[in-house]
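As given, the protein sequences belong to chains A and B, one line each in that order.
Taking the working numbering, the leading residue of the first sequence gets 1, the next gets one more, and so forth.
Taking the working numbering, the leading residue of the second sequence gets 1001, the next gets one more, and so forth.
Hints may contain errors.
Using C-beta positions, here's what the derived DEER-type ranges look like [as the list claims (entries may be wrong)]:
| hint | chain 1 | residue 1 | chain 2 | residue 2 | range |
| --- | --- | --- | --- | --- | --- |
| 1 | B | G1446 | A | P99 | 16 to 22 angstroms |
| 2 | B | R1108 | A | A501 | 32 to 38 angstroms |
| 3 | B | Q1503 | A | H463 | 31 to 37 angstroms |
| 4 | B | D1100 | A | D435 | 52 to 58 angstroms |
| 5 | B | Q1484 | A | D435 | 50 to 56 angstroms |
| 6 | B | Q1484 | A | R356 | 40 to 46 angstroms |
| 7 | B | A1500 | A | G483 | 28 to 34 angstroms |
| 8 | A | E76 | B | G1453 | 31 to 37 angstroms |
Pulled from the structure, derived: some chain B residues nowhere near chain A, Cβ distances all over 10 angstroms [as the list claims (entries may be wrong)]:
| hint | residue |
| --- | --- |
| 9 | P1053 |
| 10 | S1272 |
| 11 | R1460 |
| 12 | R1474 |
| 13 | E1512 |
I should point out that these hints are in silico values taken from the structure, not numbers from a laboratory.
The beta carbon of each residue, even a glycine, is placed where N, CA and C say it ideally should be.
There are 2 protein chains.
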Amino acid sequence: MSERDDILPASIENTAGDAQRKRRHGGRSAERGKPRRAVSGQAKYRTVLNNLPRSAVLDDQGLEAIHEASLTVLEEVGIDFLLPEARELLRAAGADVDPDGVRVRFDRGLVAEAIASAPSEFRLHARNPERDVILGGNRVVNSAVASAPYCSDRDHGRRSGNQEDFRNLLKLAQSFDIIHATGGYPVEPTDLHASVRHLDCLADMVKLTDKAFHAYSLGRERNLDAIEIARIGRGISAAQLDAEPSLFTVINASSPLRYDAPMLQGVIEMASRNQVVVITPFTLAGAMAPVTIAGALVQQNAEALAGIALTQIVRKGSPVVYGGFTSNVDMKSGAPAFGTPEYMKAVVAGGQLARRYRLPYRTSNTCAANTLDAQSAYETMMSLWAATQGGGNLVKHAAGWMEGGLTASFEKFILDVDLLQMVAEYLKPIDTSPDELALDAIRDVGPGGHYFGTAHTLARYEHAFYSPMLSDWRNFESWSLAGQPTSFDHANRIYKETLAAYQRPPLDPAIEEELDAFVARRKAEGGVATDF
Amino acid sequence: MSERDDILPASIENTAGDAQRKRRHGGRSAERGKPRRAVSGQAKYRTVLNNLPRSAVLDDQGLEAIHEASLTVLEEVGIDFLLPEARELLRAAGADVDPDGVRVRFDRGLVAEAIASAPSEFRLHARNPERDVILGGNRVVNSAVASAPYCSDRDHGRRSGNQEDFRNLLKLAQSFDIIHATGGYPVEPTDLHASVRHLDCLADMVKLTDKAFHAYSLGRERNLDAIEIARIGRGISAAQLDAEPSLFTVINASSPLRYDAPMLQGVIEMASRNQVVVITPFTLAGAMAPVTIAGALVQQNAEALAGIALTQIVRKGSPVVYGGFTSNVDMKSGAPAFGTPEYMKAVVAGGQLARRYRLPYRTSNTCAANTLDAQSAYETMMSLWAATQGGGNLVKHAAGWMEGGLTASFEKFILDVDLLQMVAEYLKPIDTSPDELALDAIRDVGPGGHYFGTAHTLARYEHAFYSPMLSDWRNFESWSLAGQPTSFDHANRIYKETLAAYQRPPLDPAIEEELDAFVARRKAEGGVATDF
């Protein structure tokens, strides 16, 4: 072991005297173990497959109890649909619509029949076909932070977002292949007027990234603009867009048991055009949902099934995703909490429900931390392992989400990319082919040897293991000489290196011209009304 | 929602204008969401059951390939046993022992026959019967950091350990019920002479904690002293000790494929007295083991099976644990890495192997970080979720382990306790009984209401969710006014509060007297030789 005396000894847990221990342990050398630079274009992360067995926090009986209770809620309590057009569609499909109000009740048969037509797996097209993603089955699709009012980096602090921040976060999303789609506005660009903001933002999504993207459902006109921009971005006809889902929207229930008008307009506009609808109740146990996880799941499931049923009533077979976003509040303060044990249970249970209905499952990468400390990492890991064990197909807010969604952090984005890549590496199967079992290498090295210079090692060494971007594996002394940098320091450096290396993905000039003309025309028309 | 306007809205992902967003998002109030004080005596964590389905990173064919290859290694390559007495025992049992050397080869039948007598589950007795633990099956037993040459806290920095540090870390281990056992010397007390150190340390384990403890296998005399101290601590006869495992030792293979003499003395002394032997190869892929995870597992399994076979040859039915400690090195530097995707795979695969042999499974809570930053948390979470998904029964180094085992950190201890408690909370099943499904509460609240003041919520609110010790859920403004404390700050405060609140567990004065007399006599005899 002379050339590699920095390795921990075999008998790490048994000591034979201090001097010996320190000699054996102390040798992690100066330059070794330094964190890596960011590497973009890692095409190996474009497709992430989760072929591991799914976990279960509910037994069959518990799963059926939640399913049945949610059907009882739909039958007996019902859901308020705040858009007349939606109520009329539901009435025509056989739902029991209160003639003098907004309440809609669904019998069990109607729900089962409606959701049966939803596809279990489908392709979401990007303007670059290599960035198409498939939602459902064993696929894992990560989309970037969305909808934060603030953004932050350590150099400039926490602030309201502007267009430059918005664009820089899009550039980060474009730079890492493990981010498969953007997920909405990573931060709200408050320097753009609300009437035309969506036009500039959606045009930027087409220009600055070549990945699939999302449109907010904040009124019919915005949906229509987004659908047209998605069509222009792909350079296809309206008929082809109708055959090929190329845009997604997230529809939140206004829990408990209510869908607001703009959301319902979004369902109708998107589903009728065969675009992707991600139905996501946001059910904080103890606040907008019952304080028990079982009860919150009953409510989540009732709301989700009602929304999914509507998509299929609007257009049979249109692409829809079962979303779960159940967490808990801090029981002493009422503050929302994320990445908690209760959140994990709800995520894994949500996956069980989605699979029961053979639907793609949307979950999230959440945390409530205010800074890039240990809390930010452990809440994130709780969220990511729940998503992984629970079979999440679409992981929203996968990179950059902080403070329960209030802030998009540039450094958190890098931390999350590293963690998402670690999850993807974990999901790669162990190769047990004869060469990988290494029997010949074990025979050659034999007892008491080492594997540093063997042919078996040299043939594989360079790519055998994941190289984290943030992990600082230098020994304590070298790390101290380097100023004791934390993960926060490394992430700060790497996000800046990544932005400096960013390159705009190629875009057909004719498409860019058509896009600019559309945006200019719609701006000249005044954009959309902002009085809602 | 007037009295609780600090809750995130249902439509968290859709924005209807900035002012509204900020109003909806910005309300996490000043004192709300503050981290908790440490709470000791949390008896609910004394028994942790993992009834979730076990994960699998190997399919049946892959598992058998590793099993078969490891038997081939034992048959064709063999293991070096560096203690004549061990070789003689193995020869008498039918192994093929090199008459002129140290090599021992095992045929498949011998291995299968030997390991068949090992129990799949057994009780490890503590001096306080309420602290007994069961190893195996669905049990999770966490033992504290062990064997670090250094310790650290933020006030005093990183330093060689002394008796005071040693005792303070024992006190932390005693203070939290989620720590079920100590695991060796949390830090090496370098101010105690090596010849008598084990006497003082083991006596402290009996006095300062009432939990099960560990003895190093560093020579026969130390084993014998430890067994006697365990007997005295429990106040039982030698015959009762022989019937009731009351002490455990970790036996590391000196990988590749070798067991050193002190380790083998430990196996013989402990197994012959029916005490617990935890066989743990330490197989760093790319260093002391093949660079492939499959190959490293083949070697781990061969070494583990050889050690386990020896325990059963020494005494049929003696309690033994299958330990795995396979990780990888940094491929660019040779530095050891922990909590990596490769480490996770090895941990889950190790669990599959242990279950194949119907043996309790030992794994660890590892990380390579130098400070309490995001890295320390994400590497830890990778380790803990692998242990959980993989069915770890004994999680060594569960709290306090830093820098790949070089440092026992007081703050990391607190972080880990919080994370272990979160894992335990996650493992509690979701109650889906009628009241917990909350149908009546959902009926009462109806669409558009909230659950804050409902009877269903009030009856459960206080204990519905886990209250983390470290998570700071205050809003950004209040958190900023408080000085922007990180998890590191909170952990620093909590470890000191915990030490200040520590109380020695009751100990029969007669036992303490006998213990002190034994230690005094053995010290007077000079302790043990230190020339090994």
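Test the statement that E1512/B is away from the interface with chain A: the closest C-beta pair must be farther apart than 10 angstroms. E1512/B is indeed farther than 10 angstroms from all Cβ atoms of chain A, at 27 angstroms.
Distance rule for S1272/B, whose beta carbon must clear each one in chain A by more than 10 angstroms: holds, 19 angstroms
Cβ distance range 40 to 46 angstroms for Q1484/B and R356/A, holds or violated: Cβ of Q1484/B to Cβ of R356/A: about 44 angstroms, so the range 40 to 46 angstroms holds.
When you look at the beta carbon of P1053/B, is every beta carbon of chain A farther off than 10 angstroms? violated, 6 angstroms
Whether the CB-CB distance between R1108/B and A501/A falls inside 32 to 38 angstroms: violated, 55 angstroms
For the pair D1100/B and D435/A, does the Cβ-Cβ distance stay inside 52 to 58 angstroms? Given a distance of about 33 angstroms, which is not inside 52 to 58 angstroms, the answer is violated.
I want to verify a distance hint. Is the separation of the beta carbons of Q1484/B and D435/A within 50 to 56 angstroms? holds, 52 angstroms
Assertion that R1474/B lies farther than 10 angstroms from chain A (Cβ): violated, 7 angstroms
Satisfaction of the hinted span 28 to 34 angstroms by the C-beta atoms belonging to A1500/B and G483/A: Distance hint for A1500/B, G483/A holds at roughly 33 angstroms.
Using the beta carbons of G1446/B and P99/A, state whether their distance is inside 16 to 22 angstroms or not. holds, 18 angstroms
Return holds or violated for the Cβ distance of E76/A and G1453/B against the range 31 to 37 angstroms. violated, 23 angstroms
Beta-carbon spacing of Q1503/B to H463/A - inside the hinted bounds 31 to 37 angstroms or not: violated, 54 angstroms
The structure shown violates the earlier hints numbered 2, 3, 4, 8, 9, 11, 12.
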